[in-house]
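Peer 1: Chains as they are written, first to last, in UniProt numbering: chain A, 1 to 138; chain B, 1 to 177.
Be aware that a few hints might be false.
Some residues of chain A that are not near chain B, with every Cβ distance over 12 Å (derived) [unchecked claim]:
1) E7
2) D54
3) R97
4) R112
Facing chain A, according to a computed beta carbon distance under 10 Å, are these residues of chain B, among others [stated by the list, open to error]:
5) P2
6) T25
7) R26
8) Y31
9) A46
10) V83
11) T89
12) A92
Don't read these hints as lab results, they were simulated from the structure.
Yeah, the Cβ is synthetic: ideal placement off N, Cα and C, and Gly gets one too.
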Amino acid sequence: MGVLTNEEFFAKLAGLFESGKNKDHGAIYLTQKRLSYDQEDALSKPTAEDSFADLHPTKPLPVLIRASNNKGKKKRGEKVKLSTVVEPADLEAFFVRYAEVCRAGMAALKPRDRTKRKAKARKKKVGGAGQTAMSAIP
Amino acid sequence: MPYYDKSEDWLHQSALLLQARPATTRITTRYNLKPAHRVTKAEKAAAAAASTTSPPPSTANAASKKPPRGHLVLKTFDPSSGVCLKYKTSKAAEVGRLVQMLGTLGRRMAALPEVAVSGGGAQDEVMADAAAEAEVGVGSGVQTPVPSAAAAAAAAVPAAASQAGGGGKGKKKKGKR
Numbered sequence: 001m002g003v004l005t006n007e008e009f010f011a012k013l014a015g016l017f018e019s020g021k022n023k024d025h026g027a028i029y030l031t032q033k034r035l036s037y038d039q040e041d042a043l044s045k046p047t048a049e050d051s052f053a054d055l056h057p058t059k060p061l062p063v064l065i066r067a068s069n070n071k072g073k074k075k076r077g078e079k080v081k082l083s084t085v086v087e088p089a090d091l092e093a094f095f096v097r098y099a100e101v102c103r104a105g106m107a108a109l110k111p112r113d114r115t116k117r118k119a120k121a122r123k124k125k126v127g128g129a130g131q132t133a134m135s136a137i138p
Numbered sequence: 001m002p003y004y005d006k007s008e009d010w011l012h013q014s015a016l017l018l019q020a021r022p023a024t025t026r027i028t029t030r031y032n033l034k035p036a037h038r039v040t041k042a043e044k045a046a047a048a049a050a051s052t053t054s055p056p057p058s059t060a061n062a063a064s065k066k067p068p069r070g071h072l073v074l075k076t077f078d079p080s081s082g083v084c085l086k087y088k089t090s091k092a093a094e095v096g097r098l099v100q101m102l103g104t105l106g107r108r109m110a111a112l113p114e115v116a117v118s119g120g121g122a123q124d125e126v127m128a129d130a131a132a133e134a135e136v137g138v139g140s141g142v143q144t145p146v147p148s149a150a151a152a153a154a155a156a157v158p159a160a161a162s163q164a165g166g167g168g169k170g171k172k173k174k175g176k177r
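Take these sequences, add in the hints, and give me the full structure.
Peer 2: Next comes the structure, spelled out in structure tokens:
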């Protein structure tokens, strides 16, 4: 599949998370890396005196984001591969949306456990009640 | 490469790796689903035996099982040097924070200046982080929240304008406990 726009990517990523929800196993892979392909104007070729040209590009580079369910050869029909390119200027906004989609999609993770705190509060209450009872006795 | 215990450590090391090899390093986030109950061999045999005689009950049994468990693995990998840094969690509360970390690392990938990272959004994120850690730390002891508070303070230093508010917030958390 070709490169999607950011909006399309989010829509399809949400769908990908949704498709995994009623299954009891599986995995979704999200990858990000610098897009260095076809970026000659930002990246100069490494030369003898400057062999680490990629450490100081002349301008910010886009980031490539990929998502996949890593289905193998046997299940090629179910395989989903998504990719999008985020321009440096859109990075902040992209990751805000990305966090939303991931939070909504990763539903099988453990929710925050509040039982410990509750138990502690109860203990405190019981302790306080005990003290008042003690003082009330004499 | 073993897993890091703290996401902050992973973030720090990943940032260093990206600094050294920005062009080849990639970050993979794996969201894994696993059945909550592992089927043992005896059960499998029983299920097979049951399905040959009466298939409906076994499927009904499977449907009433617990929802699957998920976990999240963050991996920073640089193929040219072979460095691999990992962090694993199963807490839903961490997802937002981890994606924020992916964002800060994404900025590094894009070769954007670092200073802008510690802007308003990043600072809010650090505070949320401290809060989350404090909640986690309630049971385990006093040790954990202290470094996180220190980290929050350190992160707050560059953005001097809104430092006062952030510091107060951190203190409040401390007092609560």
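Peer 1: State for each hint whether it applies.
Peer 2: Now the hints, each set against the structure:
No Cβ of chain B comes within 12 Å of the Cβ of E7/A; the nearest lies about 18 Å off, and the non-interface call holds. Annotated as non-interface, D54/A brings its C-beta within 12 Å of a C-beta of chain B; the closest such distance is 4 Å. With a least beta-carbon separation of about 10 Å from chain B, R97/A fails to lie farther than 12 Å from that chain, contradicting its non-interface assignment. Distance check for R112/A against chain B: the nearest CB is about 5 Å away, which does not clear 12 Å, and the non-interface claim fails.
The interface hint given for P2/B is broken, as the beta carbon of that residue sits about 21 Å from the closest beta carbon of chain A, more than 10 Å. Evaluation of the T25/B hint against chain A yields a held restraint, the C-beta minimum of about 7 Å falling below 10 Å. For the restraint placing R26/B at the interface with chain A, the shortest Cβ-Cβ distance is roughly 4 Å, inside the 10 Å limit, so the hint holds. Look at Y31/B: its Cβ gets to within about 5 Å of chain A, closer than 10 Å, so that hint holds up.
A distance limit of 10 Å between C-beta atoms decides the matter here; for A46/B the minimum to chain A is near 19 Å, and the interface restraint is violated. About 14 Å separates the beta-carbon of V83/B from the nearest beta-carbon of chain A, more than 10 Å, and the hint is not met. The interface hint given for T89/B is met, as the beta carbon of that residue sits about 8 Å from the closest beta carbon of chain A, less than 10 Å. A distance limit of 10 Å between C-beta atoms decides the matter here; for A92/B the minimum to chain A is near 4 Å, and the interface restraint holds.
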